[in-house]
Amino acid sequence: MRNSIAIIGMLMALGSTSSALAANVASAPSTLYQRIKLLQEKETLDEVEPIIAKFAAQLISNTYSLTFSENEIGLAVHNPGEFIGRCGRLQTKQLIVCENLQGEIQRLVKREQRVRRLARDLSISAGSYELGISEYPGTFAGFPTAFASILHIWESGTDRMFTTDIFVNMSVASYPEPLSAIEAQFNGLKTALEALKTGVAGREQIEELAGAIARYRFGYKAVAEEGACSRNDPGGELGLLFARWCNVEIELNNVWNAATAGLPVVNNDALVVFPTWAYRNMNIIVWVNNRDAGIEWEVPLEPVQPRMIDDSAYQQCMASAGDASMCSATFPPVLSLGGNYAAPPQTPIATAGVCRMAINTLGFLCRTLEQNECSVAYTPVLDDCPFVGNPHQTDTDGDGLGNSCDPDDDNDGDLDEADNCSLIPNSDQADTDGDGIGNVCDPIDNNSSSSSSSGGSSSSSPGGGVGSIIGRITRIFPGPGGTPGGGPPPPIDEERTGSGMYLGICIKPPLRFPIALSPAGPNVCGIGGWRLATESPTVADTPVKQDDILPGPCSHCAVDFYCGDTCPGGGLFTEPKQSNGLIRVCIPPDIGGSGSTAMLAPLLVHEMVHVQQTCNQPKEAFTGSLERCCSGEYQAYLAQCIMLDRDGILADLRYDYRGEPMYVTPEVCAATLSTLSCEGLGQCSDVPVVPIDFSNAVIQAVERHKVRLNLPTSCADAVNRLDLRTKSMIASLPNVCTPECRSEYENTIGNNLCFIGQCIEQTIEEERMIPGRMSQNVFDEAFPWDSCYGDDPLANTKPPVSSQLVLPSMAFPIIPEYRPWDIAQLTDRALCQILGLPPRTPPTLCQAEVSRTLARPLSDALDMLLALANAVTNQMNPAEDIQRMTPSIGARYATTLYRMQVGPMSKAYGEILSAAATMLEDIGSTAFPEQLCSRVNRICPPPKK
Amino acid sequence: MQSVIFLQRRISIRSTLPLLCVGIFAAISGKAAEWQQPYPKLGSCTKLDTEIFSFEHNQLYSDCMEEAENAADQDLCSSLHPRVPIPYKEWSRIYHRDIDNILESFIGKEVAGNFAQREPPGGQGLCSGTQAASTTPAPPLLRDIAKKLEPWMKNETVFGQSDTTPVLIEYLRVYECSLAERTTRLPAEIWREESERRALLPGGLAANPFFFTKLFEEWYKQSREIQLELKIARPTLDRVLGLMGTVQMSRILAQDTNCMQRASLDIRNALGLSADTAACMPRIWNAKDPMRDPSVCSDGNDNDDDGSVDLDDEGCESLSDMTE
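Heads up: the sequence lines are chains B and U, in that order.
The first sequence runs 0 to 944 under numbering that gives the first Met the number 0.
The second sequence runs 0 to 323 under numbering that gives the first Met the number 0.
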């Protein structure tokens, strides 16, 4: 009786629990807490995640040729008696085997659940750090917008040519309510995303969805550029990170088309919208701007988990053939036993992934920010591997050659390819256990009694892990007291080097010799355009030669673009300035007979630099010698290459250098092309690629992007539709500080300094009472914010002793690249520590013991399961330790993420605030005259009686 | 509590013995579930902990109890300020609702119902003085929760964002203690509650042959629910606190950035003034400019070739007057 009561009670209770669970799942969570709680319930309730059940069933099938359903795997975990009964009755007829199987399955499932739970913990911890630096959804604690604003406020006018107002107009609009214009497209996208969720209600799996979100997080167009979509899933454990979901891409494309056509606000430059009403219950945000569209978790709770069963071949077969029985027979699912990360993700290049986001392309995440560290230009630590992207500047042996470029990283005489421990010197190449890993790198050197000490000793290996961030500093302005030109670098001296914000482009050119970088005449802001066009030209420029375009009273020159059948040199050509100030630029029908007209747009920027140069100095200043040619051409190509970089062209150039992918920086691009231009006189630079090949590759890349960028289709089109940057340069030709001349510019600190600098320079050059008796050197390079100087006779040879306008340093630090796999590495290290292995054990050996056990081939499947069982027991405590360490690992990741910039940033803040205080103090203590000068067309001060 | 004891006396030893055995079993299972959740580590339970979820908060009762000196006084407090009991079924809802609201408040209110855009709590913050993120005021709900908890019951603390973690952990501890405590006397509690509702006994015990079946059913169901809550609540809060902690770090950086932005604007504006002044430099340095020699406006010549000598040229107002 008691038994029956108990049974009835349990049954009813079970029923009610199940219904409670169903009710839980049925009500979709609408808040963040509810989502976290639901996640916890799914992990905690007596369920087996379908993917794990499938994995276990497949493993048993492969090993024992016994078939269990996913439900039966669940029974093995939660109702052993019933499982053993079924197993014995239907499968083996041997209860003892079934009992063993049940135990193994239970341990296997619990272990895998633990691993996946840990991954989620890590994801939540790391994801919440990432929210703050994400451009799109990071609204709880986002600072990119403010950061971008600061950069813009400080931006010097010279750089305006290089930035296409990305920051200026960026804003965020949201659409919480359905809009008929795009509702259908958003519903289509939602359907495509929901289709990625598999499993029955309450037991859904979102591996595919998580993968798709990770893939399209930075926009579908970035992914689509990889080629036509055919669900090109590379398979393997990490296959989801590289797979493509064609339906999602199509729907995102529909959304983008509808949004950009239907919502006027999207057509405003660089606007971001977040239409989310259709996705609230999915925790998904959709963003659209005028360049791309993408999807993102609101809060990343579900990471992309390593794949346990690889059915990518089956999926591809289904996509092409659609015959399920044939595909399943031909391409059965393959188990991913773990621990085999053959091809870990690489650091993204500067215009891929997160770096594609507008805010980041200008240096927030993916590029070195413009810094003031010109004063340390002569330190020997520069980019130790200039042609290969090696952001960490890791240089293990400290020989000045980054590991990415160094054939022998540890300098032990054995080249890396043949070195059994490439990062720790071991010239004897000792490898006691013959496993291919040198003893000094091998923590499990079975025949060595001092394995741990050898691993421990590696911690003191030279070089350490991460190179100096100074290595990324590439500006070479010498501060006051620096040594001009060549010569040995002086020691760094805080007192001598000083600091200051310097206007003008001053990134070290990878050229063979010092050059004059700023021969741009009276405009202290150098090349480029920083002013707004204030007056419409009296005569519009047309594609034909015109004689009626003449400089106005405020300018020394005017420019006339014209289309010619042939131009001197075969390409675009800037003619010498005529006596009336007119400078003609001849534009051929295409580039070098290649038929390319798209390239005309960046080349017009190039020619405008020559116009600026020619406007104020004789053309001979840039011709006649290799140095002069390289100086002039490098500047012009630098402007052109920066434009190509900003427009995403350079990222489309794929080169390998010594086996590593080479990111073509604007500097490398400019050095290569200027070498090509000046090849008749010599070689400007030791460039890593053949210049003519590079030039052709650039032309082809520009052609590939001509539709996206709406580039010119003919010479006449190029003249009639000048790029904004070209227009800005034309607008900057007139004088700035002449009283009759109106000058208008965007109110930024940099532009104000441009204006003040130009006024000072212009005043001293044109208005000073007694020329030649000034305390300052009055040639073009005389003033403290002038750009670099060198041995060129056109440049100053004596830097000013002190700066008149020394501003606080703009030492905004580098925010490191987006490297989510760092978490995996940190976890590895933590695992190593927990498992008692030396901290510098190679990561592959530090992976979870489970993975190693699984990956190791065993003679007998039962042995494998037994090994698994032991592994679970062995790992129980370490695994709990890992779980406890999760927040610490997250914090460690965050610390790694932020520590590099927090210190310098606080220094920068301090300096800026200190300088601001000084500046305000100076202003406060300035005795202004009783009468100030009057403005243009206002009444002159009355004469004193 | 009185009513529970009274009710227990009415139940015969014979009928309660098996219930007690099962109750002990359930209590042990509940405790087992509790120690299996390692994080966050919580303190042990006290008698006061169970009150928070048993009765609605009554400040008058709390004040009265604070002054009570003996059991009689405490009984008096109960009679003077009777407290409304909270049904067990509400406990879970209240606890999770409160945490939910705290988290929502922390991440900010939705802008126009759009969860992609939130207004950060505390607005933009101040950039002067010594205001730190820790002093960013916490939402009022946190204070309300804290006032029910023993550590903060008797003082008027001003709660900041940094107090969120200790308050929520204490709230969790109290919640778990309430659940565990209920487990130890679950059958008696169910009996009492069901009797009070008179749902199970329309015609007395004799008329309800399935009474014990229903009792067992409810007992088993609640045991499972409590075990589930004990498994869910702590790791969920652990994740929530982890998320809040990291977001808070980002916010501090964001606040600094905002202040930096404002300082930059001030500097920019100061430099704008400087640029305005610099515009005068050509004229200051021009020997013929009235800025240096105002008499140029009255030299008797037609400096601007406008047909009038400067003395007749009203105020030498034209631009060329100043530069020629």
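No lab work stands behind these hints, which were simulated from the structure alone.
All residues carry an ideal CB built from backbone N, CA and C; glycine is no exception.
Check the hints yourself; a few may be wrong.
[Claimed, not checked] Estimated spans, in silico, between C-beta atoms of each pair:
#1 265(U) x 260(B): 40 to 46 Å
#2 709(B) x 265(U): 50 to 56 Å
#3 63(B) x 194(U): 51 to 57 Å
#4 89(U) x 102(B): 37 to 43 Å
#5 260(B) x 118(U): 17 to 23 Å
#6 280(B) x 78(U): 48 to 54 Å
#7 159(U) x 699(B): 58 to 64 Å
#8 150(U) x 224(B): 43 to 49 Å
[Unchecked claim] Here are some chain B residues the structure puts well away from chain U; computed CB gaps all over 10 Å:
#9 30
#10 33
#11 61
#12 63
#13 101
#14 123
#15 145
#16 207
#17 290
#18 333
#19 678
#20 705
#21 752
Against the structure, the hints come out as follows:
Checked against the given bound of 40 to 46 Å, the beta carbons of residue 265(U) and residue 260(B), roughly 42 Å apart, stay inside it. Between residue 709(B) and residue 265(U) the C-beta distance comes to about 40 Å, which lies outside the given range of 50 to 56 Å. Separated by about 55 Å at the C-beta atoms, residue 63(B) and residue 194(U) satisfy the suggested range of 51 to 57 Å. At about 41 Å, the CB distance of residue 89(U) to residue 102(B) agrees with the hint of 37 to 43 Å.
Restraint check, residue 260(B) to residue 118(U): a C-beta distance of roughly 31 Å breaks the suggested window 17 to 23 Å. Checked against the given bound of 48 to 54 Å, the beta carbons of residue 280(B) and residue 78(U), roughly 49 Å apart, stay inside it. For the pair residue 159(U) and residue 699(B), the supplied restraint of 58 to 64 Å holds, since their beta-carbon distance comes to about 59 Å. For residue 150(U) and residue 224(B), the Cβ-Cβ distance of about 58 Å falls outside the hinted range of 43 to 49 Å, so the restraint is violated.
Its beta-carbon lying about 5 Å from the closest one in chain U, residue 30(B) breaks the requirement of being farther than 10 Å from that chain. A cut-off of 10 Å between C-beta atoms contradicts the statement that residue 33(B) is not in contact with chain U; the least separation is 6 Å. With a cut of 10 Å on Cβ distances, residue 61(B) stays outside the contact zone with chain U, its closest approach being about 33 Å. Residue 63(B), annotated as away from the interface, keeps every beta carbon of chain U farther than 10 Å; the closest lies near 32 Å.
Interface exclusion of residue 101(B) from chain U stands, the closest Cβ pair being 21 Å apart, more than 10 Å. Consistency note on residue 123(B): stated as away from chain U, yet its beta-carbon is not over 10 Å from all of that chain's, at 6 Å minimum. A cut-off of 10 Å between C-beta atoms contradicts the statement that residue 145(B) is not in contact with chain U; the least separation is 4 Å. Annotated as non-interface, residue 207(B) keeps its C-beta farther than 10 Å from every C-beta of chain U; the closest such distance is 23 Å.
Every beta carbon of chain U lies more than 10 Å from that of residue 290(B), the smallest distance being close to 19 Å; the non-interface claim holds. With 10 Å as the threshold on Cβ separation, the claim that residue 333(B) sits away from chain U holds: the shortest Cβ distance comes to roughly 33 Å. With a least beta-carbon separation of about 44 Å from chain U, residue 678(B) lies farther than 10 Å from that chain, consistent with its non-interface assignment. Under the 10 Å C-beta cut-off, the non-interface status given to residue 705(B) relative to chain U holds; the minimum distance is some 34 Å.
Distance check for residue 752(B) against chain U: the nearest CB is about 7 Å away, which does not clear 10 Å, and the non-interface claim fails.
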